[in-house]
Amino acid sequence: MQIQRLEMEQIRRFREPLIIENLEPGLNLFTGPNEAGKSSIVRAIRAAFLERSRSNKVEDLATWGVHNPAPSIKIHFRWNDQPCILEKQFLAKKSCSLKIGDETLTGEDAEDRLAKLLGFTLAAKGGIRDEHLGVPGVLWIEQGKGHELEEAVRASADHLRSALPQSMESLGSRHGDAVASTVARQLGELLTASGKPRGDYSTLLGAISALQNDITETRGLIATYREQVDELGFLRAAHHQDIQNKPWMQLRAQAEAVQGRLKAALECATELQTLETAMTMLRSQSELLVNNQKQRKAAEHEAAEIAKGLDRCKTAAEATGLRLEALREAEKAAKAAWETAREQERQARQAQKLRAQNQETLDLKASLAKNQKALEQARQCAARLSATSTWLSRQRLEEPDLVQLRALDQQIRENQIRLERIATKMHYRLEPGVQMHIGSESVAGMGEWSINRSVQLRIPGVGTLQLSPGEDALSDLDQKQAALQHEMGMKLAECHLESLPEAEILWAAIQRDRAQMEQDSFMVKSLAPEGVEALARLIADAQARLSSLEQAFSTMPAATTPILSLDEAREAREMAEQHWRLQTELLHAAETKQAGLTTEMQMLQANHAKQQALIQETDLLFPQWIEQSRILEIQQGDNLLQQNRLREQLTREDPEMLQQDADRYTKSAQVAEDKHRERAERMGRLEAQLETSGAQGLEERLAEKESDLAAKERRAQRLNIRAQGLGLLSSLIEGHRDALLQKLQAPLQARVDHYLRLWSPGARLKLGAELEPFEINRERGLLGVESAAFSALSFGAREQVALLMRLAYADVLKEAQRPTLIILDDVLAHSDTIRLDAMKRILNDAAKRHQILLLTCHEEDWADMGVPARTVGYCLY
Amino acid sequence: MRFLHTADWQIGRTYAFFEPDDAAILAEARTTTVERIAALANTEQVDLVIVAGDVFDTQTVTDRTIRRLFLAMQAFTGPWCLLSGNHDAALSESVWTRAQRLGVVNANMHLLLRPEPLFLSDVGVAILPAPLTQRQTAEDLTAALDGMSTPPGLIRIGVGHGAVQGVLPEGIDSSNPIASDRTETAQLDYLALGDWHGCKEINARTWYSGTPEPERYVDNDPGQVLVVEITSSGMVPLVEQRRVGQFQWVRWEQEFRVSEDVDSLIEKLSALDGRFVVRLDLTGVLDINARHRLLDGLAAVSAQVRALEYDLSDIRLQPTDADIASMQADGYLSDVIGELRDRSALPDQKVASTEALVILADILQSQQGAA
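First to last, the protein sequences are chains A and W.
Heads up: the first sequence begins at 1 in full-length UniProt numbering, then just goes up one per residue.
Heads up: the second sequence begins at 1 in full-length UniProt numbering, then just goes up one per residue.
Possibly wrong hints are sitting among the right ones.
Claimed, not checked - So these bits of chain A aren't anywhere near chain W, every CB distance computed over 10 Å:
| # | residue |
| --- | --- |
| 1 | Gly195 |
| 2 | Asn371 |
| 3 | Ala374 |
| 4 | Pro432 |
Claimed, not checked - Using 20 Å as the maximum straight-line C-alpha spacing, the simulated EDC-like pairs for lysine to aspartate or glutamate come out as follows:
| # | chain 1 | residue 1 | chain 2 | residue 2 |
| --- | --- | --- | --- | --- |
| 5 | A | Lys705 | W | Asp22 |
| 6 | A | Lys712 | W | Asp21 |
| 7 | A | Lys712 | W | Glu309 |
| 8 | A | Lys480 | A | Glu414 |
| 9 | A | Lys712 | W | Glu260 |
| 10 | A | Lys705 | W | Glu19 |
| 11 | A | Lys332 | A | Glu574 |
| 12 | A | Lys743 | W | Glu339 |
| 13 | A | Lys743 | W | Glu309 |
Think of the hints as simulated: they come from the structure by calculation, not from any bench.
None of these values were measured; they are calculated from a predicted model.
Here a beta-carbon is modelled for each residue, glycine too, at the ideal position from N, C-alpha and C.
Build out the structure end to end from the sequences listed, making use of the hints.
Written as structure tokens, this is what we have:
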């Protein structure tokens, strides 16, 4: 079908006649801004083909503001290679005529023919409604309704199906749908949509489950009942045996027997304890006696020992006494020997001295002559010296003096220390009023006296005591000290000095002047090596000495020839001295020993007296003690024998063990009796319980329940099989029906696939039972296949898919030699560039088979369709 | 001296495999049979009735059941000797102690619960019982009978419950054994046995009476009591069978090969009446039409007999082309039928696909009916 020319008058915007001619068999593009009149053209075509001319519901067709309008449309088209003209007038002049080839139809005939031709249903009255639009509803898209397809398809399903090469009726089943719905209904009575039992079936399964639980419980009760019956049987047997045997009686008898033995054992233990106490007492008594005896024996022994000691002391004292006397004699003899030796030494010394004086006299006389000559010469030299040596000569201190002084001082100090150390100390304490004279000094009261030398102690009214230090060295030291001190004093005086420090100062001055004198003195010295004066004095001295010697010779007794030489005499004296000192020491030692012995003897005698007294005291008791001890020993022996006997008895009959046995038997008896009683009680309880549960008729009830369960299970099994059957039937019917549907839809599906390839390669569109788009599947690469219901697509995609579906329907209709005209008013406004391009290719392809009127306000979007655009509006041609 | 020998009353037994209504009647029949035994005892003018164990099916039947049983026995006022069997063993607490507590055991009803002889001097009989005092025992309890001495002149009648060794089929109650020569070793005039539910003669002096009312599909001649007559001690007893059972239990097998098999089965079943309890083991192949006829027939029969038990799950439904034509299943529905028919040959899909076929046939039939 191809519209070639359109004429319209008084239609909406077009008050003046509008003529559109030379329409192409393929795509025709109408452009123009909004409100330019594009929709008025579409409305005019729809009215011409679809509306009844006599309808009054088409006021919207009329041009606004025209009084009594009479909208008219004239369409020239070709169909089946025949030229056709459709003329329709509305409202004021209602008319319709259709000319097909040579055939001309008017009025309702013409309209009926049109409806049949285009595939729609004429309205019985009023304007045409959507549900009657049929094929034009699918192929003619009104502005903004491009995405709405399902309703339109449903409304034209019969027309579309009739266009398919094979119909459902020819292939399908007369009763198929009815059977399917009956099966679905019956299945629905048994199972829910998700396949779970429902209604009576569900109630039945619930009842079965409840019964099963009930039966399990009842079986449990029966099992308990049986166990209790068995238990009761055992208990009765045991009870019966107990009554026959009475085990507690036997145990009690055993307990009593043990108690008797226990009593005896306990008595035995008490006796043993008494014996042990007695034994302790006996032992302590015995110990006391032994102690007493020991003490006495010790005293005896002690006394004997002391006596021995005394004897020893006495013997020793006697020996010492004898020895003392001898020693005293020896001491006296030694002293006398010493005195003799000393005298001999003095005589030897005297002789020596005399010989020396003689020699000296001879020497003096020889030197005197020589010195007197030298003196005269020296005095001359000395005169020269006198000037310088005046002072010096006055000074007495020489270096050796000083050295000597120093040495003396040192000696004195050292000696003093030694003296102090070895002096004999005498401590005295005198009665008040008594005075004692030590040497020249008087002392009283108490004090200490150092005895350095022999001293005389005189106590008035008492007498005189001569104290001599035992140590000779001491008196020597003392003497030496006195000599030293004297020498010191002399030396100092000699030097005209008071003290050593003064000497030291003076010595420093002398040293200075001496150096000056040295030269002068040389001469003097050479003549008078010892000085002029000295020489003179030497001479004088020598003269004085000579005279004194001569004097001495004259007074000296005639010299006796000494027995010994001085050295021999001194040696003899020293030996005698040594011997005497030894004898003194021996004597002193013996005296000390004698004093010690005396003291020891006194002590021993005192101790001996004490022991002796002790012995005398116990003299009477001692024999009694011995007798008592003997008796106690016998008693202890008896006691131990008895103890041993009792112990042996207790080992055999241990009270602790016996007590345990007694307790054990008593307890066992109690346990046996308790058990017997408890068993009886348990039996009583069991009997009562069994009576109660037996009366419930558990097994009979169980059997009834099992019968009920079996019946219900049989019924459930039947329902289960029925559900399985219905399910199987339902799925088979559905499967076969779907397969058939697919077979019917195959030509349409092929056309859909053709366009879908251009729209989105790999996409699959599933069609519903009424040929409507149902589900779209698209490859999404790694994400797999994406499925979406048609209704869930985006607005743009839905419009696109709807459009290509429409084209597919058109293809099928064309195959069936039905007229196809496609009107697209303002479509694909929501498509992106890529999809729009795809849709343009699809439209271009469809335009090879169908006439397409495309109206748009976006001229630029469609400039690439290869057809000129007709501008609707002011310069429409 | 005459007495009735019966056993295995199994009072309190239930029948789970029947619909509750039928099961109740069958359970009831066990007690009414006892009434008939009591009546028979009177008409036969016997001196006593011996029940050789398993009087009750379980220990814990309801009090009501106990009362009803002892009531049913009251018509016969002579001595009843009831032995405890394995189902109602004389345990420390048992159905017997309960009966005694309930006070329903009359003086003429002797409960044989201990292995002690009972002397019924009035009728010149010594009853030597071997009761079960445990649920199961591996020893021969009748051995005790050997050592039971009785006053001279009394007829020695042993009563036992168990399996006579070497006589009964293998595997039947191998516990509670009984020596087959017990009558000789214990010098019994007669040994009344229970436990085997069929009526069976072991030897001239040893019998199983069987259960008086059948309760299984076992064809071993149950439903009887024995009337035993012993003129004097040492004489061979004269034993006669008396039928007292109310229902007969029959079990038939049928494999359907052609649809005519259905008609012959129904015809055979039609001959049965309310005294029958029937079980059918059905196998084979049926078309839809024959299956309908079978179901109709079975429905009719089930109203006719006491109880009818059958299972169609082993029958394969094989619709014929005629079936499909008559169902007017065209288009894809005929494909569905074809597929179901194929699937019904597969073991794991047989049940569901047969069911599906039946449902589909029913729906189509009802739609045709509606049309």
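Verification of the supplied hints:
1. The claim that A/Gly195 is not at the interface with chain W holds, since no C-beta of that chain comes within 10 Å of its own (minimum 14 Å).
2. Remark: the non-interface label on A/Asn371 is consistent with the geometry, its nearest Cβ contact in chain W lying 175 Å away (cut-off 10 Å).
3. A/Ala374, annotated as away from the interface, keeps every beta carbon of chain W farther than 10 Å; the closest lies near 176 Å.
4. Interface exclusion of A/Pro432 from chain W stands, the closest Cβ pair being 131 Å apart, more than 10 Å.
5. For a cut-off of 20 Å, the pair hint linking A/Lys705 to W/Asp22 stands: about 15 Å separates their Cα positions.
6. For the suggested pair A/Lys712 and W/Asp21, the alpha carbons sit about 14 Å apart, so the restraint of at most 20 Å is met.
7. The suggested pairing of A/Lys712 with W/Glu309 holds, with an alpha-carbon distance near 15 Å, which does not exceed 20 Å.
8. Taking the CA atoms of A/Lys480 and A/Glu414, the gap is about 11 Å. The hint holds against a cut of 20 Å.
9. In summary, the hint linking A/Lys712 to W/Glu260 is not supported, as the alpha carbons are separated by about 33 Å, beyond the 20 Å threshold.
10. As the CA atoms of A/Lys705 and W/Glu19 are separated by approximately 12 Å, the hinted pair is consistent with the 20 Å bound.
11. The hinted pair formed by A/Lys332 and A/Glu574 meets the criterion: a straight-line CA distance of about 17 Å does not exceed 20 Å.
12. Among the hinted pairs, A/Lys743 with W/Glu339 is consistent with the structure: their alpha-carbon atoms are about 19 Å apart, no more than 20 Å.
13. With a CA separation close to 49 Å, the supplied pair A/Lys743 and W/Glu309 exceeds the 20 Å bound.
The structure does not agree with the numbered hints 9, 13 stated previously, though it agrees with the rest.
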